[in-house]
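Chain residues, written in single-letter form:
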Amino acid sequence: MDQYSDYGDNEPIYGDDLADEDREARPRLMLMGLRRSGKSSIQRVVFHKMSPTETLFLESTSKINKDNIHSFIDFQVWDFPGQMDFFDPTFDTAAIFGEVGALVFVIDSQDDYMEALARLHQTVRAAYQQNPNIIFEVFIHKVDGLSEDYKIGTYGDSRPWLLLNRLLKNTQRDIQQTTTDELADAGLENVQISFYLTSIYDHSIFEAFSKVIQKLIPQLPTLENLLNILCANSGIEKAFLFDVISKIYIATDASPVDSQSYEICSDMIDVIIDISSIYGRAAIGDKSQGYLEDQQDHQEDWSQHQQDAPEGHPDYDDSNGHHHLQGSQALVNSNNNNNNDDDQSVAQTNSSNHEAFSVIKMGNGTVLYLREVNKYLALICLLRAETFEKQGLIDYNVQCFKEAMDQVFELRRAEKTRRELEANQLIEQQQRHNGMYGHG
Amino acid sequence: MNREMLKLRKDPSIPSSAATSNIAPSQSPRLGLNADNRDPRRHQRTSPKGSRSSSVVPTSAVAGSNSILTSTAASIAPSTLVAAMNASAANLAGFGSGQGTNTPVNTTLANSGQGSGYTGSVSSVLGLISAAGNSGASTGIGSGETGQYSQNVLMSPALGTGSLRNLRGSQRGPSAFRFDTSGTLWALSASPDFSMVAVVGRDVLKILSVTDSGAEEFVNLKTVTGGRNTFAGSTDVKWGPTSGRDAKIATLGTNGPIVIWDVGTNNKFDRTIKEHTRAVNRICFSPQEPNLLLSASQDGTVRLWDLRTKERPGIVMEAKSDNVREVQFNPTSLTDVVAGYESGNLQRWDLRNASTCEKKFMAHMGFVTSLDFHPSGRFLASGGRDKTIKVWDMEDEKRREIHTIPTIQYTTKVQWRPNKAYHIAACFKDEATVQIFDVRRPYVPLHMLAQHDKDTTAILWRDSDVIWTVSKDKTFASTQLRGLVSASDVLAGGNAAMNCYGQLAFTVGSKGSLETFERDLVLKPTRPNARPVTLDGSPEATIYRTRQSGGVFECDLFNYEAFIYCAQNYTIEAGKVREACEHNSNIAWQANKYRDSQTWTAIKLFYNEMNDSAVIASQAAADVASSDPTLIANGNDDKDPKNDSGEDSDVSDVPVTRPAVPSLFAIKVSDAPVRRDWSHLNTIRNLLEYYAEQGDVQMCVTILLVLADETDLPNFSRSQQWFASYIDLLSRFKLWSIATAVAQACQDPGIHGMNQDSTTVHTSCSSCMKPILARAPTSTGFWACDRCRKVLSSCSVCHKTVRGIFTWCTQCSHGFHLQHAQEWFSQSAECPTGCGHQCFPEMFKHQQEQEQLLRQLHQQHSQHLSEEDHLVHHDRSQTLQGAVTMELPMFASHPSQPSLEAMDSRLVQSTG
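Sequence lines, in order, name chains A and B.
1 is the number of the first residue of the first sequence in the UniProt record's numbering; add one for each residue after it.
1 is the number of the first residue of the second sequence in the UniProt record's numbering; add one for each residue after it.
Accuracy of the hints is not assured; some may be wrong.
[As the list claims (entries may be wrong)] DSS-like cross-link-like pairs, simulated, lysine-lysine; straight-line CA separation at most 25 Å: (1) K238/A to K429/B; (2) K360/B to K215/A; (3) K215/A to K398/B; (4) K398/B to K238/A; (5) K454/B to K361/A; (6) K310/B to K359/B; (7) K211/A to K429/B; (8) K274/B to K390/A; (9) K429/B to K454/B; (10) K361/A to K390/A; (11) K222/B to K215/A; (12) K274/B to K222/B; (13) K390/A to K238/A; (14) K211/A to K320/B; (15) K361/A to K429/B; (16) K360/B to K211/A; (17) K390/A to K416/A.
[What the hints assert, rightly or not] Not the full set, but computed from the structure, chain A residues with beta-carbon under 10 Å of chain B: (18) N190; (19) K211; (20) P256; (21) V373.
Think of the hints as simulated: they come from the structure by calculation, not from any bench.
None of the values given here were measured: they were computed from a predicted structure.
Heads up, the beta-carbon is just placed ideally off N, CA and C, and yes, glycines get one too.
I would like the entire structure built from these sequences, with the hints used as guidance.
Right, dumping it as structure tokens:
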């Protein structure tokens, strides 16, 4: 057994999670890959706001690290130690892969990736046998380092960006081709597998995670359509629905996502959170419902940015700490990276809704419009300044959008309570039956 | 003006006149006199009138370069540029006006250039270059065209978006018209006979009837729906291939449904298709079967609809979890369909077998934004988020593009031009211009159309000369291409660049007009047996080559040999001023720098114990320094006869003993009044300032370094600039080690820190000099070169890659495993490669030298051997006798810069 010391001291592999009743509502996301490929770094950067440079000091993961993300959708991230051999017969693959929604396999692109590919194919085969519904995602990771090497600039070709482009594409193409061929040979053509080039030093990892998470959200088509309609009716160029904690966008309208728009929106969230942590107040008597039943043990919330809230504040709920982004009436000059000229950020409180909204006008005539949708989600729209002249219209439309979202999730909750009710009735019935038989 | 400037070549010869489009000289310190955006007026404005542009020695090297200026030269760069241009122009003129005549004209030109300021002379210079190019036609450099390009000879031919953007606005074609609709437009599609066009957008759903001269609204389909189907907008529209009574159009509502309109008899709403679970991105009618419609959706499926039935589609092509962005029928086939996906893949489907795709390959990084089949049906153009348009040969098994066009933004639509096999039009995100490219000339568009004020969202060729566009500025526009100015007409073909060896490379180009375009196509180099791929079916593949003539011109502005010799041999050690001055004086003498040699002698005398002789000597030196400006002002070097005589003689011929210098001072001493109330520091300051004005940062820096330990030396505000530019100059001549040593020796923290600052060590392949990307994902990993496929650092005995400790002979540079070397050299003294080198005795000798050196170093407690600074250890206990052992930098990066010559020349290129 000593080879399984990886798992900790005789701790069951998935611990008390089996007892977790909420399990089906909690899609599981697995991070796998060879050792030192960057799995834990990804997890820390995306879900724990660790600065990318700090990840250098992360120790190697020695046991499965389960991380419950309490956010718009609840999911679990399982960070697997790279050196783990889960193909050992004593390893319960059925239990591991049975419940997984998506399996993220991380490949270090700076390393020789042939070994990683072999491992990937092995993993896909094993997992697919257990659970054909798994979505496989391959992150070709650490692509930032590649660009660095290509920045040396000692090449005859004077267009390094073309070279870099070619290199990255060749890498991706190579990995993709090998994998597809390999899987086809194994008779697994139908496996869903997608590839992303990622790096923790820029937004690519968030973008890739966005796409991964989106596949796990059953309401995505509805949300997307709602956003489409919102965009078309309000003259918005691009709209994102962001999960504020992780800066992942869980839905966007159908027009192509261009990385700059994503980046600027993501930066905007940072700015707003920073501002609200300075000027924000704790929520007062706000018991607005989240969309999640499970409201206990919020380790991650917007409140983590509000740790400095006055202690004696009557309504400051330290343990639960769930606040809305309650911007004060502060007028702040933000130093937005993309546009230092004359950006103005106006954080205002809309007192009737207890919800934050913020507008940043950029020098190039684009307006960023952020509106809190619920405690986890924020809607960010990119629009032209001339469209924004009709701000009333946009406000109204966004309000409609919010109501529509409420309905979408109300439906889900209603569905769930209905099912629970039915289950309870069933149990009661059975008990009654049992009772009857007992009497008989 | 420095006298070196004036030494124009008496007999200028053009070393190379081969036609070249890449005009930068191949020497790596490029300093492109890359004069884009530098029009003559700017020169006039920025030339400091008062400055005698005398700093040519170092700055001629940096003149005109865009960003590399770091030094004192910065302020005078533009004028230096002009000066350099003057000189070279004079040369050119001399050349152009006939080789036979001698060069008085050259000298006068150059003199006037420097004497009378630069205003006014610039344009003449520009004219001169082009004139020289033209008249050179008879001798093979010019292009033979008349001098129309004299005005913009300095415009860069490189495709800068910025410069091309300036072309906008003047490009409204002759028979162009616009039609204003009421809303932002997103797509258009024309009826088969091109008499009608359907335009859709936000709140717009209209059919326009179009003639050659204008358009008018034919019907507004929005009103037809009677408010029943108030779709907020439509993102795509396609006109079915039938006309007349059966005419149908299909539009895409923003919220998902595909709407079919019957526009043949009376305009009516036909039906709505809402099968897709997510938004539909693109629809496409089959060109052959009018009732078949493809739809590509976010839900990852491509569905085929038969409009004759109301049933669900029989054919669903499903990509696994990949949103479909684009789909198109092959125009020559009934069943061939290509779809573009958000992952960057292209998939080819056959409608007869919809269960799996026929072919799948990665086309772009990021999503595919646009697709268009070539009319031949064989080729496909795709645009992607990676800002390229790529052309694919769909019949080729290799998944490689045959053409790539880099674009300014990602394309939102591409379309091949009818009847022009190589032409393709594209419009871009957030970009109002439409560009038309010839794929054989990917960097310069043929045409840039600026019909719109805001982003052009869709394009459509009416015929090969008329293009229709719609835009977010709510207008539909038609543009006639015939007679339009081509973007390539406006670009100049001339350019010039200069390197640090005083070579001016220039091109004079004919303007690539549309008429001459076909003439300028040359055969595309392909592998011998490869079948050429041509889009128009012609037997030979061609690419465009600009008709340019170029040459390299030896301007001889800067005596770089002396500079290099001095840089290599000057001592910069502080503390021993007298010895250092003595040494440097000798070196300068050997390099024919007699004045510098005298300077060194004078400095030496200052620091000769402070006695009378020093006083007298310094007075003499002060005289030298003060008299120098007059020498320059006269523009005449005759006062220094040795200088001219020694100029052309070989360095080795110069006698090392110099009786002349002491005697010179002796004479001055005799008649100079002895003053005791002076400070030699003033003299030193004057000296440094004199050299700084000369632009001789080498002297400034070396003097500063040698006198670094003299505490009474004043601070020079510009010393940091001197250091920076000297180091810059050294790097330019690839004297990396010297540059490092200078930076190391400098006491200024800013300069000293350069060695600590983001220093990385890159390992290059020893045979092809390509950097080894240790972390690059190659199948061979770190141990072999990707390009030349040679094993790196192989053992000469077993021919395997040496991992770990690599030992090599420092003379013949063959390397071994330590153990193998020991075994081999216990039996033989000769190198195992058979190079004939007697490694062992040499090594032995070398070892003795080293031991001696080590002993010395230990005595001096030199810090130079600390492990921190050296990648290479001299560790005798571990290594073979005398050989140098080096730990291969597996993930090469080291906090400080190694300063060993061996690595410098063989393996390592450092960037500071």
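Hints and how they fare:
1. Between the alpha carbons of K238/A and K429/B the distance comes to roughly 13 Å, so the proposed pair stays at or under 25 Å and holds.
2. Between the alpha carbons of K360/B and K215/A the distance comes to roughly 22 Å, so the proposed pair stays at or under 25 Å and holds.
3. With a CA separation close to 32 Å, the supplied pair K215/A and K398/B exceeds the 25 Å bound.
4. For the hint linking K398/B to K238/A, the alpha-carbon distance of about 37 Å lies beyond 25 Å, and the restraint is violated.
5. For a cut-off of 25 Å, the pair hint linking K454/B to K361/A stands: about 19 Å separates their Cα positions.
6. A C-alpha spacing of about 31 Å is found between K310/B and K359/B, which places the hinted pair above 25 Å, so the restraint is violated.
7. Taken as a hint, the K211/A and K429/B pair is honoured in the structure, with Cα atoms around 22 Å apart against an allowance of 25 Å.
8. The straight-line distance between the Cα atoms of K274/B and K390/A is roughly 32 Å, outside the 25 Å bound, and the hint therefore fails.
9. At most 25 Å may separate the alpha-carbon atoms for a hinted pair to count; K429/B and K454/B meet this at roughly 10 Å.
10. Distance check on the hinted pair: K361/A and K390/A sit about 14 Å apart at the alpha-carbon level, within 25 Å; holds.
11. Our distance criterion of 25 Å between C-alpha atoms is broken by K222/B and K215/A, whose separation comes to about 36 Å.
12. With a C-alpha separation of about 19 Å, the suggested pair K274/B and K222/B falls inside the 25 Å cut-off, and the hint holds.
13. For the suggested pair K390/A and K238/A, the alpha carbons sit about 17 Å apart, so the restraint of at most 25 Å is met.
14. Restraint check for K211/A and K320/B: satisfied, since their Cα atoms lie roughly 14 Å apart, inside the 25 Å limit.
15. For the suggested pair K361/A and K429/B, the alpha carbons sit about 21 Å apart, so the restraint of at most 25 Å is met.
16. This hinted pair checks out: K360/B and K211/A have alpha carbons roughly 21 Å apart, not beyond 25 Å.
17. Of the supplied pair hints, the one linking K390/A and K416/A is violated, its CA atoms being roughly 40 Å apart against a limit of 25 Å.
18. Here the hint on N190/A is kept, as its CB sits about 7 Å from the closest CB of chain B, short of 10 Å.
19. Below 10 Å, beta-carbon pairs count as interface contacts, and K211/A has one with chain B at about 8 Å; its hint therefore holds.
20. A hinted interface residue such as P256/A counts as satisfied when its beta carbon comes closer than 10 Å to some beta carbon of chain B; here the least separation is about 6 Å, so the hint holds.
21. The closest approach between the C-beta of V373/A and any C-beta of chain B is roughly 19 Å, which is over the 10 Å cut-off, so the hint fails.
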